[in-house]
Structure formats: structure tokens, C-alpha cells
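Novice: Each chain is listed here by its residues.
Protein chains: 4
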Amino acid sequence: MTVSVAVAGASGYAGGELLRLLLAHPEVRIGAVTAHSNAGDLLGAHQPHLRALADRVLEPTSVDTLAGHDVVFLALPHGQSHELAAALTERTPDVLVVDCGADHRLTDPVAWETFYGGEHPGSWPYGLPELPGARDALRGTRRVAVPGCYPTAASLALVPALAAGLVEPDVVVVAASGTSGAGKSPKAHLLGAEVMGSVSAYGVGGGHRHTPEMMQNFAAAAGRSVSVSFTPMLVPMPRGILATVSAPVTAGVDAAQVRAAYEKAYGDEPFVTLLPEGQWPTTAATVGANTCLLQVAVDAAAGRLIVVAAIDNLTKGTAGGAVQSMNLALGFAETAGLPTEGVAP
Amino acid sequence: MTVSVAVAGASGYAGGELLRLLLAHPEVRIGAVTAHSNAGDLLGAHQPHLRALADRVLEPTSVDTLAGHDVVFLALPHGQSHELAAALTERTPDVLVVDCGADHRLTDPVAWETFYGGEHPGSWPYGLPELPGARDALRGTRRVAVPGCYPTAASLALVPALAAGLVEPDVVVVAASGTSGAGKSPKAHLLGAEVMGSVSAYGVGGGHRHTPEMMQNFAAAAGRSVSVSFTPMLVPMPRGILATVSAPVTAGVDAAQVRAAYEKAYGDEPFVTLLPEGQWPTTAATVGANTCLLQVAVDAAAGRLIVVAAIDNLTKGTAGGAVQSMNLALGFAETAGLPTEGVAP
Amino acid sequence: MTVSVAVAGASGYAGGELLRLLLAHPEVRIGAVTAHSNAGDLLGAHQPHLRALADRVLEPTSVDTLAGHDVVFLALPHGQSHELAAALTERTPDVLVVDCGADHRLTDPVAWETFYGGEHPGSWPYGLPELPGARDALRGTRRVAVPGCYPTAASLALVPALAAGLVEPDVVVVAASGTSGAGKSPKAHLLGAEVMGSVSAYGVGGGHRHTPEMMQNFAAAAGRSVSVSFTPMLVPMPRGILATVSAPVTAGVDAAQVRAAYEKAYGDEPFVTLLPEGQWPTTAATVGANTCLLQVAVDAAAGRLIVVAAIDNLTKGTAGGAVQSMNLALGFAETAGLPTEGVAP
Amino acid sequence: MTVSVAVAGASGYAGGELLRLLLAHPEVRIGAVTAHSNAGDLLGAHQPHLRALADRVLEPTSVDTLAGHDVVFLALPHGQSHELAAALTERTPDVLVVDCGADHRLTDPVAWETFYGGEHPGSWPYGLPELPGARDALRGTRRVAVPGCYPTAASLALVPALAAGLVEPDVVVVAASGTSGAGKSPKAHLLGAEVMGSVSAYGVGGGHRHTPEMMQNFAAAAGRSVSVSFTPMLVPMPRGILATVSAPVTAGVDAAQVRAAYEKAYGDEPFVTLLPEGQWPTTAATVGANTCLLQVAVDAAAGRLIVVAAIDNLTKGTAGGAVQSMNLALGFAETAGLPTEGVAP
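Residue numbers (my numbering), protein chains in the order written: chain A, 74 to 418; chain B, 74 to 418; chain C, 74 to 418; chain D, 74 to 418.
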């Protein structure tokens, strides 16, 4: 079976990574590639690494250009997916809409209003299959909310410990991201001369919009509300997230119990790996791959569990997670078209 | 048909890239992975990005571990391939040996002695199929000499102009390389703190061993000897080569003629692309892909043709060229297992 | 008054930064520059950026070469400063020994034994003048233990809050460092090709030797023992540390109180700056400068104070702190020879 | 004597570097700092590394704000310096105007019209004192045209050989630049995610505006017109230029003659250094310093002289050259306020 797929926002970083993965997907035929201000340009001018699509013309992002496909991936500014999905379904009743934006990730209207403002657009099945229950919710769905890149890393890092009751619900997340996570719109603080040779923090103190998404995933796993202090950092590399996630260990819990819980949680997962003891994740090992590499440590003196997770923010953190969710929604092999080998060094 | 493949030097950069490509090759089963000082380690400790092979044990590099495979890729220090190939053939008469080292690239014993020293080990079919005549020589061969990374870029850049008589045989090559080209042996001047934020030249003045290889390729195309001034540079990135290759244009030659010659030379090539006018190659667009991106310009005032070529030194510049040659040698589709989409940004 | 200064370990990163600063110091004349395995080489071969000293010959590190100077800076492997200092004093009774190594930082023999092993070499006045009481202890001393780079950043970040009783003694430090912090000895995981494009954590779970040093500084400020969970990261840049330091805010404490405490603590400090509200530190702004840039945030939802501190690990984090301590010890202006302007971008 | 100095364009990269150097200049008091669209902001928001000026308010760039100073540095878009200089002189007759832009570099109206268009604004004394005759022209001048960054590197690299008649007038320049050379205006292709991990060429084929400036300097040295093929590259670092400059050696010229010519040309220069044989320049060694490091090689087989030059594009390549010229114009020590020690690693 081959499905036709459209990608909206094809000139951006998430759109480019979606196309790279979809080109290698055995069940997919790439249809419309659309953009907003870059419509009319050749895709090759914006994504010179995608040789097979270099001569494609970017069409305008609209219901007209996107309708008629089996799957539509949306990599758009927030607030644009809800009505577009409805209009697409009207024209193509069975269309699968995979939203890489934030619109439908949060289930709590108050959290939505606090962090994004305006009316809550409602939540869709959450595209992180490795979370408890998520895989089932994705099977057969026609709507997917792809997680944020930081919540993907942080949730994969701590959910097993929270779900197994090994840590207290008081989490500190400090995560370093490559600058593609900030998108392709030109801004002075994202210039190469600014970011090379420099690390900075931003959104410090609880303001980053990925905070409520982590809280939501953590609370679902723990069965109670979880406090999250989240500090993101920009580091001088194009891709990758390294998340350091820690929480107080519950009294009596030791390293072996922790390790066992992660082995149980991820032993059968194709994309999430607890590394052998003594080996720590590097983001380079995940570049271009739909993988998450983890390592755990219990600091007995400080009484904390520390989990370090590495992903590629554009692959497992966005486009890979989106394709993985599509595979589940359409009944393909979950791993179809998704690399597990990174491009390193 | 599936062939069994061994990789010697599997803990290094070329070896890792070979394995990454071979894992995705539809006709290949990966057999022995061998190393010298790292023998006995898990491959995952040295190549953490290759998840599918993480639990493989590195065997010692020897005839015993390598014999019995249909194909053996050698990524070894120079001087080691000749006797090993002979010994392997004795045990496995039809074995295809693909040598990523320099031993069998040069046809001229004098050039060999001047740049490498010692007795000339003889030349093997040269693994750059896009050169005139090279593809035919590779079909059915049981020996391949994979080109050096700089000569790959420089030769693809200038051979069409030389072959068409559009330039004079007086070439200047200045090429910037990512530091993986210098290998994985720890040296102080290759430390991250040294190379980040710095560009340097080395082997200036004709001393780099890739110089005679460029001269050989250029002379074969031009039908006469060609002078080459080659200056390599180390630039702060892991992968990629950008070669700037120039030569005096022959009297009366204009830009349209040059463009036509390159379109003719590469119009049907799956891995080499002359970009549309106005678009210049970036190495990022080739990362992890077996591609070469080219652009040409005629500087009328200076009377020179300038060709800029981008490749990934580890892919088209080494491991990709090696696999492409294997495909030809064994009668597979030339493009089997070889990505044309880079991983960018 | 001009003092003669020797630098042991002059071919390394800390040694090079010491020499760069000392060259600009108005009261200093640079005497012997010594090294271990590089003795006999010209300094210019190892520190090509120090033009004024390029022709100096590296002498062997020994009592003979170091004795006779007014000041001796030691940038040596740990375990070597104690006996050397004693021997130097025997020859030059008033010599000031400034130790950039770890030997004399810890006051607690148990902590020393746990993290470094062997007999406790005793503690010297601690070269972080901005800590309560430290400045007085440095005035007139003939022994200085220069702090570790991470403890410098973390201590400047949190000591004011701990000293003012604004946070609970349960601290999480996650700090990203440029790779010069790992030194100049060639190791495979520090190669440019490995570190560029990659972030990794190391020493996770309490094992890093800078942990007890942070605990010591925090406890002194808080007046009680303080728990510290410390996770260091390597990020792809040559220099700089960004430390994210957080702790639970004490009940009833608000952002204004925090800000006031930091303004009081650092308002008169020449090298430590609380940035205006809304501006966050970048490591680039501190490159080559003896500065620490700070910003604070109270996350009311998570109940934590988060402080972000940026320093240059080689300047304020090592060599600059060493020179600042020398200035105090010898009665020079504390700011003599110390730049406050970074080299950016 | 202390002079008052204004900097126009103080929020950009050249302006920031000027201020960094001027802060350390013993004869200078910094007056107005002005900007265009950033006027009204605190300088600290745009140049966070300049702590001593963080609280300065950026004034609008105008005759009113700039007049009344002894020296005015202009770091403005081209076309704006001529009238501004005239107006400033009307108000402050003895004002020294140092133009970091291109307006007054070219002496040839035809070259100006070809590369910049419009009416030739006339030429001013050229701020590269190391060129033959340039130093004298700068003494006492009230107008300085600061060279372009690429011409600074290329001219220092080849002028001694051209002046001594050691090479033929047929020059190939390939130069790699850090991205600060492209300025601080946000553009998509200069984003960190685009430039990290990538090298690209631009302005290939003779189109770059620094080409005629090189031709002018080369011709003046050679005493005849000189052909120049110039290819600039963007490399992933914030600062630095490495220029590889080559030309055919004149018959009979050997390496010793070349070396002697460079030693003679630069033996007494405080900022230009021919490195010892065997040592090649790195851009890192010049970061933040007003230095140019050179090495030469004669490739006998190719019949070319190759000179490699490293500078910091913002220091010797712009702001340092500007301050050096000011020193000459005002009769200060030529080296006043100018560092020769780079910040490395």
C-alpha cells in the first residue's frame, strides 16, 4: 500500500526533515510540498540537501493544495492546525493530519491559556508511542499531536522512574539544544557569529511553553501532579538535545531498581536504548536517527536520580516522531522508514 | 543475492561510515568487524551511532577473521593491503577487496616512491566511476582502490573541463576539509579546543600525498601532464570538503561552453549534480550522502575557470565511493544502498 | 614595583592563559616558563597566540628553574604542588605560590580522600575573593589555591542566596563547559570531530571532583551542610562555562528579595555582574575576560530559584582568578592586568 | 594627550570591536556611541561583552551626535561617509574621520563604478601601514579609508613577493572567513544552524567587491597591473580569515629568496610575523589581536609561491587596522592600545 503525503511548511527545518524521512519511506509517495512566504520557489533553493526533490515547486499552503492526500503533515506556526484539519477532513474524510505544532498537545485548557493564550483548541492523540498507553491511542487515529522536542527527551528520560514510583514528583530538567530548534526565521541572536562559541539559557524560571507539556506527561506517569523546573539552553550545534533530568529518589530505592525499571520500560522499544553501564549518551550518536539514548545514575549523597537523554530534536524530537506516529495510525510497521543509525562523527 | 561483507578498521571513521551505509544496503549481510588496538571491545563503545551493531565484538584484523567473506573493505594504514589481499584471495578465490587506503591508487611508481616511499605496490581499478573509463574498469573487478577524499572532490570538479579542452593544464586546488579527514588517532592539534574557532592550512607547497593522485586524474582527462598546486585546510566541522579548483580558461572559451560540458558529463550521473546557476554548493547539503554538488564560474577578467565542489569526505569521499564501486564490481544497481539526501541542517 | 613571575605548565591551556594575562599586567615581569614533556621547545610552537613570548624556550619544571621568582604559578597535575611549594619557599622565603591545581582546595580530609585519594595535603587560602571572607584571607598570603572552574561559576551563582537564607540547602547544578576545560592531552573523545556537533554529560551522579568543592563553598555560605547534585556537560566550544544552579526557595521569598540580595552581594564587585532584568548571560560575552555574568529567576510554580552564571573557564575560572588572587596577596590593585571586556562575537 | 572618540555603528560587529580596543587605549576617551535602528537601546543589550560601556545609551547616528569629537570612526553602510565627513569637518575642523566602510578605498573611478556603482567618492589614505608608502601617507592625515578584511590578509600575504619581483602578476586568492565578516543583519543563510557544520563559497568568479581592492594593492607593489582570481568562503567560526594566496614564481627564484624578502619586509613590523619554517598560521592564534601571521612555501613542481596568512577579520582586518591608522594620524605610538596576543584556544 502506498499513501500520498503532503508536507506544509516544507521550506523550514521540520519540513525538511519530514521530507528526508518520507523519501526513504517504503509506503509513501510525496505529493504537495507547501510553504507560506517561500511559495513559488524551488524546494532545492531552501533544502539543497534533498536532491530528489530539488526541482519541486513549493505551492502555497492552503486547503486546496493539501486536500486529496492520505496524510498531511503540518509544520506551521501555532494556531493554524485546528481549522485546517477540519477543512481537510471535509474534503478528504479519511485524511490523517499530523501536527508538528503545539496546538493539540495540551489536555488542560488552563495550561493552554497560561502558556499560549486564547481558547484551547482541544487535544489530539499524543505522538510519543513509548509513553504508557500512547501507542494504543495512535493506532487508527486520524489526528496526531507531535510532541515538542524538549518534552520528548525529558519524558523518555523520566517517565519510567515516575511510573514505577522510584522518584518524588519534584523534577529539574536542564536541556541543551542545537539551534535548529529555534527555527529558520532570521533573528540576530541566532546568527552563526552569535551562537558559535557561546552557550546561553532562555525561558528560565518556568516560562518555556514546553514546561506544561512535561508536567502533563510526568503527571500521567506518576498518577499525581509533578512539579517541573525547566531550563533550556542553546548550544553551538545545528541539531540535538541533551536533557539532564533529575528528581529525588524515593526512600529505599537503589540503582539496580532504577536500572531494572528502565530495562523493562524500553527493552522492547526499537528507538529507545538504555546504554550499557559506564557509557553516556552523546547527541552526535543520534543525528538523523529516530533514536533516544539514555543513561541513569543514582547519586546517593545528593539523594537524586539523574537521567541523561540524547535525541535529535528534528528526528525523534519532531519529524521522526511524526512519521512513527503515522506508521501506527495507518497500520504500517512502526519502524518503517525510520533510521536507527546516526550520522557521526 | 546477498553477499557477506567484512570491514577491517571498523572502529575508525571510515570504517564506521562503511558500516552505516552497509547496514542500509539491500544486498549485504555484515560479517566480521575488525580492529587493531580496539579488538575485543564492543563496537558500540566506538561507534555509538550504529545501534544495530552495538553489541558486535571487534575481532582482530587478520586473514583468519576476514577470510570467508564475499567482500572485504580495508580501512587500514597504508602498506597493509597488498599482502592481505593476496592472502584473502588464496583462501577465498573470488573475494572482492575494496581498499580505502592509498596503496593502490597511483599508477606511477616514481610518484609512489616520492610521496609514500618504498616499493610501488601496483595500482588497482580506481573507485571513482564518474571519471572517463573508470566505470567499465570497475565492473567485475575483484580489486578496488578507493580514491582519496580530496582527489574525489578535485577530480569531479575539473575533469570535465580538462577532458573537453576548456582549460589549460595549470591547476590550483584549495580545499577545506572537516577534521574527520585526519582520522581518529588522538593528536593535540586535532583536539576540539584547537580546531573549533580556527582554520589552518597544512601540507602546503606540494607535499600532500593527494597531489600526485590529482595529477594522475587530471592528466588522464587532459591527455597531457597537468601541473597542480594543492593547498588543504582544516576547518571547524566534523565532515565535508569544499574544493575550490581553478585553471586558466583556454582562449575563446565562454561560460556557456563550460556549463554545457558539465551538463554533458554529469547529466546522467546519479550522484554528481551541477547546481542551477546562482546556487553555490554547501558541504552541509552533502552530509551523509554519496553526492557531489558543483557550480562553475568563468572569471573573464582573471581569465580563469573556477569550479566549487562539495562532498562529504567520509561518504562520497571514502565509504560511499567504496560501496558504489562494490556495486559495480558485483553487478548490483550502482545506487544500491547509497543515500542521495544529506542530513541538514 | 615589579615582581618576577614563573609559570609551570606553560604549554597547557591554563598556563597559556596565565601568560596572556601576565603579559598585560603592569606590575609583572615574566621569568621562567616551564613544562614537562615539552621542555626544550619554543613556547611559540605550543602557544602561537602569545607573540611576545614566541621565542622563549620552555625550561623543565623543577625547583631549580622556578626558584628565585617572587611568584610561581603552578598549572600541574594534582599531587605536585605541596612539596614543590615547600622547596621553593626554602630557596625563596617570600615566594608566593599560586596553585591552579586541586591539591589545596578542600578543607575536609574525608572529602579529599573520597574524591582524590591518598593523604590530605592540607588547604590553602581559596582564590575566589568574592566569597564571604575570602578576600581578607588572600591579602598578604603566600599560598593560594585557585578554585576549580565549575565551582567558581556555581559558587558565584548561589552563594548570595544561601548566605541570605533565601533557598533550601538542596542544590542542583548542571553546567556546560567548553572543551579546553578537559585539558590539552590528546584523547580520542576530545577530538574535534567528536566534540563538534555533539553535547555529552560526564561524571554524572556525584562523581565529579568539583562536587565536594561546591559543597564546601555552599556550606560555608549557608552555615549548614548543603546537598549538591552536579552534572557537567561538554559542549562544542573552546571556552566558557554556563552553569544553571537551582534550589528550592525558602517559603515566603520572592523575586525582589532575591534580586536585592544579589545586588547587595555584587554591587561593588568589579568582576561579577547581575545583568539587567530580561537579559540572560551568554558565555561568549565573557571570553577572555575575568568576568562572571549572572541572572536570577524565581519559578513560583516549581518553587525554585534558578541562577544562570557565565564565565570563561580559563579566565575567571582559572587564570584570571589566579591573577586576581595574586593581586590581593601582593597588595596590587585587585583589578590590575585583568580585562573586563570579552572578545565577542 | 587624550582624544575624544565617537563610534558610529556601535551596535554592529565592527563597532563593537572598535569599542573593545578603544577601551584599552591609553590616549582615548570614548564619547558618543551611535546607531541607526538600535538608537535608544543600552549598548549592553547589543554588546554584552563590553562591560564598561553596558550602561551607555546608543544615540542616533548624525552630525549632531558625532560632531565635537577629535576622532570619529564610521562603521556604516557604504555611501554614507563622504558627506558625513565633510559635515563633521565643518563643525570640527580638525576632526579625524576613520571610515571602516568601502567608500574611499579605491583610487580608480572605473573600478568603483563597476563594483559599487554610482559616482566615485574619491579615495582617502589607505589604512594598511605595512604597505609600501602607506605609513607616511597616514601620518597627520584627517581621513583614513580602512581596508577590507580580505584585502588586508591578501595584501600582507603577497605584496612583499610582488614588490621584490619574485612572482608573476597572476594571482589566485582563496580565503576562508568567519561569519562575523558578513555582519550582524539577520539573514537566513547566516543562521547558526546553517553555518555550523558547513563551508560554502560565494561571490565566485570575480564578483566580490574586495577584488579590485586587492588588484589595486598588488599593482602598486608590482608596478604593473596584476590579475586576481578571488574566491571567498564562509567557514563555521565567528572570527578569522585564512587566506591562501599563490602566484607563479618568476624563473630562477628559490625559497630562500622568498623568505629573505618577507623577513626584510616584515622584520621590523610590530604586527606582521613570518612564522619559523615548519609552523603554519592558524586563525585562532590571531583572535582579538592586531596581528597577521604568515608562512610561505615554494612549490617547485607546480612553479608557484603559496603564502598563507591568518588575521582576525574584526581586529587587524577592521577595527585594529583602524586604530593603528588613528595612532599614525595623531602621532601616538603606532602600537598604542593594540594587543598582539590572541585569545586562544
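No lab work stands behind these hints, which were simulated from the structure alone.
As the structure is a computational prediction, the values presented were derived from the model and not from experiment.
One or more hints might be untrue.
Stated by the list, open to error - Non-contacting residues of chain D with respect to chain A, defined by C-beta distances greater than 10 angstroms in every case (computed):
1) ALA159
2) GLU267
3) GLY270
4) HIS281
Stated by the list, open to error - One-sided excerpt, in silico: chain B residues whose CB lies under 8 angstroms from chain A:
5) TYR86
6) HIS122
7) LEU123
8) ARG129
9) THR138
Note that CB positions come from ideal geometry on N, CA and C, so glycine has one too.
Novice: Work down the list of hints and note, for each, if the structure agrees.
Specialist: Hints and how they fare:
With 10 angstroms as the threshold on Cβ separation, the claim that ALA159 (chain D) sits away from chain A holds: the shortest Cβ distance comes to roughly 32 angstroms. A cut-off of 10 angstroms between C-beta atoms contradicts the statement that GLU267 (chain D) is not in contact with chain A; the least separation is 7 angstroms. GLY270 (chain D), annotated as away from the interface, has a beta carbon of chain A within 10 angstroms; the closest lies near 6 angstroms. Separation of HIS281 (chain D) from chain A is adequate, the least Cβ-Cβ distance of about 19 angstroms exceeding the 10 angstroms criterion.
Because the smallest distance between the Cβ of TYR86 (chain B) and any Cβ of chain A comes to about 6 angstroms, under 8 angstroms, the interface hint for this residue holds. Interface restraint check: HIS122 (chain B) against chain A, minimum CB-CB distance 3 angstroms, threshold 8 angstroms, status holds. Checking LEU123 (chain B) against chain A by beta carbon gives a least distance of about 5 angstroms; that is within 8 angstroms, so the hint holds. The beta carbon of ARG129 (chain B) is not positioned within 8 angstroms of any beta carbon in chain A (closest approach about 13 angstroms), and the interface hint is therefore violated.
A cut of 8 angstroms between beta carbons decides the hint on THR138 (chain B): the least distance to chain A is about 23 angstroms, and the hint is violated.
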